[in-house]
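Chemist: Each chain, letter by letter, is given below.
Number of protein chains: 2
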Amino acid sequence: MAGIIQLGEKNPKAGVNRGVAVVDFFLRIVAIIATLASAISMGTTDESLPFFTQFIRFRAKYNDLPTFTFFVVANSIVSAYLVLSLALSISHIIRSGSRNSRVVLIIFDTAMLALLTSGASAAAAIVYLAHKGNTKTNWFAICQQYNSFCERTSGSLIGSFGAMVVFILLILMSAVSLSRRH
Amino acid sequence: MAGIIQLGEKNPKAGVNRGVAVVDFFLRIVAIIATLASAISMGTTDESLPFFTQFIRFRAKYNDLPTFTFFVVANSIVSAYLVLSLALSISHIIRSGSRNSRVVLIIFDTAMLALLTSGASAAAAIVYLAHKGNTKTNWFAICQQYNSFCERTSGSLIGSFGAMVVFILLILMSAVSLSRRH
Numbered sequence: 001m002a003g004i005i006q007l008g009e010k011n012p013k014a015g016v017n018r019g020v021a022v023v024d025f026f027l028r029i030v031a032i033i034a035t036l037a038s039a040i041s042m043g044t045t046d047e048s049l050p051f052f053t054q055f056i057r058f059r060a061k062y063n064d065l066p067t068f069t070f071f072v073v074a075n076s077i078v079s080a081y082l083v084l085s086l087a088l089s090i091s092h093i094i095r096s097g098s099r100n101s102r103v104v105l106i107i108f109d110t111a112m113l114a115l116l117t118s119g120a121s122a123a124a125a126i127v128y129l130a131h132k133g134n135t136k137t138n139w140f141a142i143c144q145q146y147n148s149f150c151e152r153t154s155g156s157l158i159g160s161f162g163a164m165v166v167f168i169l170l171i172l173m174s175a176v177s178l179s180r181r182h
Numbered sequence: 001m002a003g004i005i006q007l008g009e010k011n012p013k014a015g016v017n018r019g020v021a022v023v024d025f026f027l028r029i030v031a032i033i034a035t036l037a038s039a040i041s042m043g044t045t046d047e048s049l050p051f052f053t054q055f056i057r058f059r060a061k062y063n064d065l066p067t068f069t070f071f072v073v074a075n076s077i078v079s080a081y082l083v084l085s086l087a088l089s090i091s092h093i094i095r096s097g098s099r100n101s102r103v104v105l106i107i108f109d110t111a112m113l114a115l116l117t118s119g120a121s122a123a124a125a126i127v128y129l130a131h132k133g134n135t136k137t138n139w140f141a142i143c144q145q146y147n148s149f150c151e152r153t154s155g156s157l158i159g160s161f162g163a164m165v166v167f168i169l170l171i172l173m174s175a176v177s178l179s180r181r182h
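The listed protein sequences derive, respectively, from chains A and B.
The end of the first sequence is residue 182 by the UniProt record's numbering, with every number in the run present.
The end of the second sequence is residue 182 by the UniProt record's numbering, with every number in the run present.
Looking at chain A on its own, in the form it has when it is part of the complex (with noise of 0.2 Å):
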């Protein structure tokens, strides 16, 4: 909005504003590089049990469980809107008073919260279920079998929960922002 590039040294609230700025550069790296993992970790998951009949393979792929897939598009997505993300956080870091710009990343910042949040808790709830399986619905925990598959398709839920927490940190950060500058 204002074409002027306010320099930290003579205004103390622009200067807190540009290092949350940095901050807020970091963390979105953090969170493409938790997301970007948790994409890949649980979309290279396949396991071959190392018996197998003549007709039947046991193979457990990621995909088996549609829930896993939509785990996978959604950390993907997210993924790729923090990569974009970043040119709007440079411009934060330049011109420390933008405030449109700011409104513009907490609506997408809080978007993209609620589609990996949901990707995430999908995920685990499924993980939950092959690890203990259900006695009342007749669902058998699979993880006995599959083991490496199950460890794997855990494992990669850590980046999505990490990345979580980096966007609640990431909307305080930006409320503060907004509130601080007047």
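Worth flagging that the hints you see were computed from the coordinates, not collected in a lab.
All of these numbers come straight from a predicted model, not from anything done at the bench.
Please note that a few of the clues may not be correct.
Chain A regions said to be covered by chain B (calculated; three or more residues, Cβ under 8 Å) [stated by the list, open to error]: (1) 34-41; (2) 64-76; (3) 99-109; (4) 114-125.
We put the CB at the ideal spot given by N, CA and C, even for glycine.
Chain B: place on chain A using the hints.
Modeler: Positioned in the frame of chain A, the structure of chain B alone reads:
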């Protein structure tokens, strides 16, 4: 922060903020009803099948599946939070200039959005499984037997997903209010 009550007629920006605060208040009431309805309709789901053997009575309750228990807990927590947040929402209608409390609301709204999304998505993943089953993992579709149980649990998701949309709107409006004020 500013102890002075600003009147909308004197300051057009404060007037717009007051309008936003009134909408915020009503959206919160809508979200309370939605999450409460979700929690109650899921929490009272209990189906007994009309046939039974000598030893087993076929019965499906929501807490047979831990994910549904989490769904009820998450919706109840969010609903309780929303009732408490009405106090801050009312204070924003009266004092449309306050900004610290708006930042507090954004942060808590974001955290509650994450909790609600998490509960709703995990429950949706299980409901999907109950409807479709999964042949690869030998998890059978229980909806063929427990018809009304499945309809009830599927229906109770609607309130939660509606409340998620309301939360995203609330965060958006808070962000716009913060950026408007000067």
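Chemist: Go through the numbered hints given earlier and state which of them the structure violates, listing their numbers in rising order.
Modeler: Of the numbered hints given earlier, the structure breaks just one, which is hint 1.
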